[in-house]
Amino acid sequence: MSTYAPSRTTGPAGQPEMAQACEGAGNAAKTDAMKILIIEDDLETASYLLKAFREAGMTVDHASDGDSGYFLASENDYDVLVVDRMLPKRDGLSIVSGLRASGDDTPALILSALGQVDDRVTGLRAGGDDYLSKPYAFSELLARVEILGRRKSVREADTVYRVGDLELDRLSHEVKRAGKVIPLQPREYRLLEYLMKNAGQVVTRTMLLEHVWDYHFDPQTNVIDVHISRLRSKIEKDFDAPLLRTVRGAGYMMKAGD
Amino acid sequence: MWGRFRAMLGTTAVRLSALYLALFAICAVALVFYVTAISEGLLRSQTETAIHSELREISRIYQVRGMAGLVRAIERRSRQPGANLYIIAAAQGQIIAGNVASLQPGVLDDEGWTTAPFIYERYGDPEEDEEAHRAMARIVALPNGMRLLVGRDIGEPEKFRGLVRQALAMALAIMFVGALAIWFFVGRRALRRIDHMSQASRKILAGDLSQRLPEGGSGDEFDRMSRSLNTLLGRIERLNEGLRQVSDNIAHDLKTPLTRLRNRAEAALVSTEDAEGYRHALEETIAESDQLIRTFNALLMISRVEAGSSVAEMGEVDLSGLAADAAELYEPVAEEAGVVLSQEIAPAITVQGNRELLAQALANMIDNAVKYAGDGENSRITVRLEGDKRTARLSVADNGPGIPEDRREDVIKRFVRLDESRTKPGTGLGLSLVQAVADLHGGTLVLAATDDSDAERPGLRATLELPAGGTK
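If you're matching them up, the sequences are chains A and B in order.
Just so you know, we're using the numbering used here here: the first sequence kicks off at 45 and counts up by one.
Just so you know, we're using the numbering used here here: the second sequence kicks off at 612 and counts up by one.
Simulated from the structure, these hints should not be mistaken for laboratory data.
Careful: at least some of the hints might be erroneous.
Heads up, incomplete: computed chain A residues facing chain B, CB under 10 Å, no partners named [what the hints assert, rightly or not]:
{"#": "1", "residue": "Val225"}
{"#": "2", "residue": "Leu228"}
{"#": "3", "residue": "Arg231"}
{"#": "4", "residue": "Asp262"}
{"#": "5", "residue": "Thr265"}
{"#": "6", "residue": "Asp282"}
{"#": "7", "residue": "Phe283"}
Please read all numbers here as calculations on a predicted model, not as lab measurements.
Ideal Cβ placement from N, Cα and C applies to all residues, glycine included.
Generate the whole structure from the sequences, applying the supplied hints.
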């Protein structure tokens, strides 16, 4: 967040590369090029994941044990690795740490049936980029994989995020819609910033809780929904076009137009 | 009895005391020998000096008065009480003068000091005195092959040595008997206690984890060992109990929703005809599964937290910041439920702990308050953090219907939900987790009424008391 980009002086308005925020219309088009590897030993789970990711428009490879998974991951160029933590021959953490040691920083999401308290920490320490404990909703997994795959292309250096006529200036922390300043509380600002950074992507409630509040537990109630609806009322109240959409059964997405 | 004795010989205590006894005996014997050797040497040199000086006197008499004078002097000296031994012998060995009746043959052959004590008999010794007298002497050659012997009885030092040896033998015998007695009582006592301990541990091994090793209360090594083993057993029992509870919970409280899930799917399969109906049934199934997963995760989390600090990383947690964050997170939800959530958070309070777990515990407390204080006018929740040097108190108070005093213990237990709350969503595990987190941090969870004077709405204050210094 501390990136101080020189583009500031040129002003936020009318920069062509900033228009990337609202690219991508629909899941299929968006994930066209995404190529992922699933390393999972349970064949039923694997075939379900393969099918579901393919339906989401991704190219998917599968390995059913640790050794072949490591081989595939190091031989091919994937956008995201989905690694089960407990695997025959070589466990998931060792695959990820092995890849990191050889200089491969392909984003990796670790799946685990283990609990949540500190396994997450060990998973991330081994070089994993995200951690999801089983059982999970596929929508949650898909959302996380999409964000990981897109991470390479997200320009952290952007000082202004835009979705439609809404713009968020990361340096002045100013949010404007159609040129009109919208005052936000600090937390609302961070919520919006995260949503806009991942505009066009589905962002789940747990992802919001993790990134905006830094909590990794299940809040059990609709805390996030209420925060979202407050934010929504601020950024959409006086405007016609909705920007912050609810994706049923999954989460939220910032997107302009239809 | 023999077997017991042998077993006793096998105990460490007995082996150690045997070793000590042996070492002590060796030292005692060595000391005695050293002392006798030294005193013997002293006595001998005294004897030698005495003989020497006497010889000098006698030789002066001989030089002055000749043989006759010598014989007279010897005769005179021989008659004095406690006299030394004197002999003047002819060349053939007959005793001419002196006070010795007979002596070991060959003593007079060599000049100089006798090499070993010799046996002699003195005139006037009682006949019945069977005991042989021993002496040492110096023999001097006189002219004409005659010999002069001046000697002294060494019976006294010999007797002294005998006495010392006797005393030593006696002392050793007493020591041995005493050691045996001590072995017997100490060893038997130790053996009995070890027997008790192994009996108790056999029972425990057989599965009765409520058994404890006996503690004598004397605070000796056995007691200390028993005590630490008992602490260990207590912990194992608690963990085991937790595990058993989890499996009971799985049986009772997870089977029910699973059955419901299955029935719903079956009913949909049998009676639903249109796609919309299937869709609805599937959505309900997913919602139900999500609830199940939630319950399952909460259960696992509780048992992991109960398993102890090894599963959770501890560090310094800014409790003030955490409380403010949680209050801020829940404020909109509370507002939507018609509750005013206010915070009274003291700044800069920190504890040693796990941030995630503490946050989740507080979230559960606030969540409960929102759920159960929600209906009614002027509903309010206060998140308060205060602390002194020793304790940090994090409390969530509401002014709802509260929990009757006799049920407060119960609601902390897993899956216990009061009848009035069955209709609200929830797993019945919220406060169980708070309790587990409190335990993990060496703190306590206290439930109390917020306002006792208001019978209608006494409210509930859940307080998490944590050691401010923190536990590792």
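Quick rundown of the hints versus the structure:
1. Val225: violated (22 Å)
2. Leu228: violated (14 Å)
3. Arg231: holds (6 Å)
4. Asp262: With Cβ-Cβ at 6 Å, under 10 Å, it holds.
5. Thr265: Where the cut-off is 10 Å and the nearest Cβ of chain B is about 6 Å from Thr265 of chain A, the hint holds.
6. Asp282: violated (21 Å)
7. Phe283: For Phe283 of chain A, the interface hint is violated, since the closest Cβ of chain B sits about 21 Å away, which is over 10 Å.
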